[in-house]
Amino acid sequence: MLDSRSSRARAWRLSRVALAVLVAVALAGPASAATFRVAIGIDPDTLDPVQNTTTTVANVLDYMVETLTFLDPKGEVRPMLAESWTMSADGTQYTLKLRKGVTFHDGTPFDAKAVKWNLDRLKDPNVRVPVRAPFPLKEIEVVDPATVKITLTRPSAPFVMALTSTTAAIVSPAAADQYGNEYKNMQHPIGTGPYVFKERKKGESVTVGLYDKYWGKKPVYDTVVFRVVPEAATRESLILAGQVDLMVLPPIADLPALGRNPAVKVLLAPSNRTIFISLNTTKPPLGDVRVRQALNYAVDKQAIIQNVLFGAADPMDAPMAPSLFGYCKAGTYEFNPAQAKQLLLEAGVKPGTKIPFIHPTGRYVQDKEASQAVAGYLREIGIEPELATMDWPSYISIVNAGPAEKTTHHLAYLGWAPNFLDASMQTLQFWSGYHPPAGLATSFYKDARVDELVVAADRESNPEKRKAMYCDLSKKVWSDAPWLFLYVQRFPIVYSAKVTDVASIPNEKFYAVYARPAQ
Amino acid sequence: MNRFHGYLAQRFVASVLTLLGVSLIVFLMVRLLPGDPARVIAGLLATEEDVARIRTDLGLDRPLYAQYGIFLARLARGNLGVSARTSQPVIAELRPRLAATLRLALTSAVLAAALGILAGTLAATRPYSTFDYALSLTTLLGVSMPVYWLGLMLIIVFAVHLNWLPAAGSEGLASIVLPALTLAAFSVALIARMTRSSMLEVLRQDFVRTARAKGLGERLVVARHALKNAFIPIITVVGLQFGALLGGAVLTESVFGWPGMGLLLVESIFSRDYAMVQGIVLVFSALFVLVNLVVDLCYAVIDPRIHYG
Numbered sequence: 001m002l003d004s005r006s007s008r009a010r011a012w013r014l015s016r017v018a019l020a021v022l023v024a025v026a027l028a029g030p031a032s033a034a035t036f037r038v039a040i041g042i043d044p045d046t047l048d049p050v051q052n053t054t055t056t057v058a059n060v061l062d063y064m065v066e067t068l069t070f071l072d073p074k075g076e077v078r079p080m081l082a083e084s085w086t087m088s089a090d091g092t093q094y095t096l097k098l099r100k101g102v103t104f105h106d107g108t109p110f111d112a113k114a115v116k117w118n119l120d121r122l123k124d125p126n127v128r129v130p131v132r133a134p135f136p137l138k139e140i141e142v143v144d145p146a147t148v149k150i151t152l153t154r155p156s157a158p159f160v161m162a163l164t165s166t167t168a169a170i171v172s173p174a175a176a177d178q179y180g181n182e183y184k185n186m187q188h189p190i191g192t193g194p195y196v197f198k199e200r201k202k203g204e205s206v207t208v209g210l211y212d213k214y215w216g217k218k219p220v221y222d223t224v225v226f227r228v229v230p231e232a233a234t235r236e237s238l239i240l241a242g243q244v245d246l247m248v249l250p251p252i253a254d255l256p257a258l259g260r261n262p263a264v265k266v267l268l269a270p271s272n273r274t275i276f277i278s279l280n281t282t283k284p285p286l287g288d289v290r291v292r293q294a295l296n297y298a299v300d301k302q303a304i305i306q307n308v309l310f311g312a313a314d315p316m317d318a319p320m321a322p323s324l325f326g327y328c329k330a331g332t333y334e335f336n337p338a339q340a341k342q343l344l345l346e347a348g349v350k351p352g353t354k355i356p357f358i359h360p361t362g363r364y365v366q367d368k369e370a371s372q373a374v375a376g377y378l379r380e381i382g383i384e385p386e387l388a389t390m391d392w393p394s395y396i397s398i399v400n401a402g403p404a405e406k407t408t409h410h411l412a413y414l415g416w417a418p419n420f421l422d423a424s425m426q427t428l429q430f431w432s433g434y435h436p437p438a439g440l441a442t443s444f445y446k447d448a449r450v451d452e453l454v455v456a457a458d459r460e461s462n463p464e465k466r467k468a469m470y471c472d473l474s475k476k477v478w479s480d481a482p483w484l485f486l487y488v489q490r491f492p493i494v495y496s497a498k499v500t501d502v503a504s505i506p507n508e509k510f511y512a513v514y515a516r517p518a519q
Numbered sequence: 001m002n003r004f005h006g007y008l009a010q011r012f013v014a015s016v017l018t019l020l021g022v023s024l025i026v027f028l029m030v031r032l033l034p035g036d037p038a039r040v041i042a043g044l045l046a047t048e049e050d051v052a053r054i055r056t057d058l059g060l061d062r063p064l065y066a067q068y069g070i071f072l073a074r075l076a077r078g079n080l081g082v083s084a085r086t087s088q089p090v091i092a093e094l095r096p097r098l099a100a101t102l103r104l105a106l107t108s109a110v111l112a113a114a115l116g117i118l119a120g121t122l123a124a125t126r127p128y129s130t131f132d133y134a135l136s137l138t139t140l141l142g143v144s145m146p147v148y149w150l151g152l153m154l155i156i157v158f159a160v161h162l163n164w165l166p167a168a169g170s171e172g173l174a175s176i177v178l179p180a181l182t183l184a185a186f187s188v189a190l191i192a193r194m195t196r197s198s199m200l201e202v203l204r205q206d207f208v209r210t211a212r213a214k215g216l217g218e219r220l221v222v223a224r225h226a227l228k229n230a231f232i233p234i235i236t237v238v239g240l241q242f243g244a245l246l247g248g249a250v251l252t253e254s255v256f257g258w259p260g261m262g263l264l265l266v267e268s269i270f271s272r273d274y275a276m277v278q279g280i281v282l283v284f285s286a287l288f289v290l291v292n293l294v295v296d297l298c299y300a301v302i303d304p305r306i307h308y309g
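Protein sequence lines correspond, in order, to chains F and B. Quick note on numbering: the first sequence equals residues 1 to 519 in the working numbering. Quick note on numbering: the second sequence equals residues 1 to 309 in the working numbering.
One chain only, chain F, in its complex shape (with noise of 0.2 Å):
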């Protein structure tokens, strides 16, 4: 009995020990106050700026490489590695001045060799590179070591806008056969930003430490770590915990819990992503406009951003978001369901009349329960709605289907941000050259006059008269209402009481670059 009791008594004190050790280990886990944690969603599938898709990935990369211009967290196109730049009359030319003294990672020079060849890498078609479209290039000059003349294949207005994409950020030339990169595929990015990148470990983390040679200013942090953290919750419980700084993207619903949390700040910030169902205008009875605008009258747009998506949106008034240029108000469709059932019985559309709509789950923000709620709006006006859901490759394949006559599809729920802050890339949408499989103007709207606008606009050098284009073009799709126009997502960020000075810029990304321990 002794024994035993002097053995549990061993197996206790032990037990403590241990205990003892694991939160020793523990509390010296944290980095140093000079280490910046950011909480990301995603492993990024690349480091390779031409071949980045997402903004979390974009987002990690402008830590490192930057971009001829640069998009402010206004939405505004600002100066970066080059310092002014002119358009020829016909907008087929553009003559950039480039920034001096700016030395890459690797200590080579930045000048206009340098542009030239990551230029002609992104137009290069043995190179990977899926969002090439906004980049119409045809040849690059090197006019002196800080002055290049791009000419494109066509007229693009939008053209120095598209080059704050970070699909066209500039990596040393120097570095592409170095450090493991390969021509074809770089993964250790060589840039001239104010961080330079340390170590990836996949799955898991992206370490960037500071450049001491960076020619702007100098950020607070001597280091940035980004962990790859996929399950929103996991996220939430890493700043509440305080073990990340920032993190992006947490459980919608707990956006008010969060906001009341003094250890923590929300930023929902302005974003490009409008997001909509598309309705299949080949498919009775969608294809009567009179239906399409009872739909956009059925459904209470700002009941369904207060209850489902926690304030997290802003109601559409225009076929695009606020911060593209182009945007003006276009219109609104106040909730009416009388006006609803009314314009259907003019279109002849019988009550009980079943109309499939898909739709994803977990791609935007409170997909599947929006969806939900739009189609307890569309019963209410005598619609009966026929829900499904799959997977994204699933649903991307159904969507992405053309022509018209091969497509299943008739509501579908859909998000687009494109990916630099301009009406071009979203006008395409309602383009008919962009129709399935070409492109993704799902809803398959077709209009004279929007088709015009649609190419004119990109071309039109004055951007005073493009803006008057897409108004043009906006409103007439407003009134036609190939979509059931929803909102546009506010892109949520959270971070520590304990740093100031986070911003985000309106394409999804958040601005930390500049973060500081508040005082």
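It is worth saying that the hints were derived from the structure and are not from the lab. Idealized CB from N, CA, C, for every residue including glycine. Hints may contain errors.
Stretches of chain F that chain B covers, calculated by requiring three or more beta carbons in the stretch to come under 8 Å of a beta carbon on chain B [to be verified]:
(1) 130-138
(2) 165-174
(3) 199-205
(4) 231-244
(5) 251-258
(6) 283-289
(7) 432-445
Based on the hints, put chain B in the right spot on chain F.
Same frame as chain F, now just chain B:
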């Protein structure tokens, strides 16, 4: 060649055939899923022309039999192909991930076996006591708790409220504690229950009574005589549980952001990264086959009466 070697050779051939079968099934299954990997990689904003180029790059424009032939020919040379998502060789991507998963699964297996056998033995030596009932209740909970929920609860308690342990990641010794506990919970319960019933049966047998009669201490009787004889079903469960641990790792790794194969598998399925999914499933299957073989071989070590052939 003795009978043992013959047995080994036979098992080896069977394993290779099993894995070949697995490779064919996985190959066909991922391709039966709707969705175009090239479009998933390129994203919504890419043009069809760029998507088509990626499709050609990946060899997806070739007939199925040709794709499988290429896959097998590469496999024979130890090459699992190139990941469509990351453009890196699958083997290179898998190696660190496999190490992370094995670290987690082995830690959990050791934890589960140690705790399970200990608890089961204690319960069997005090049948129908308070401890026994408490254990039954705990194991019932352990078996029925969803991994996902348990993981989040542990994070909330030990990371958010107590701030003792990291909530995610794999850096430092402390980071393995929560994922290993989460993953082990189900197996501990199962192993404890199996140990208890197996031990109860053995403790009733004549040789145990003899051991006690000749004056051996109770501990020695339980540890040396009873446990050893109760071990065959226990080791079977432990072996099977290792397979379950590998499967459970998929969820646990997602919750804890543990950079293992499970997390990679989920990402790869959602991006239709055929080569990566094939590679991961093959490695998982090979591990499972291997563990089963080891368990079978362990029988002979534990019980000299067992012969192979």
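So, against the hints stated earlier in the document, which numbers end up violated here? Violated hints: 2, 5, 6; rest satisfied.
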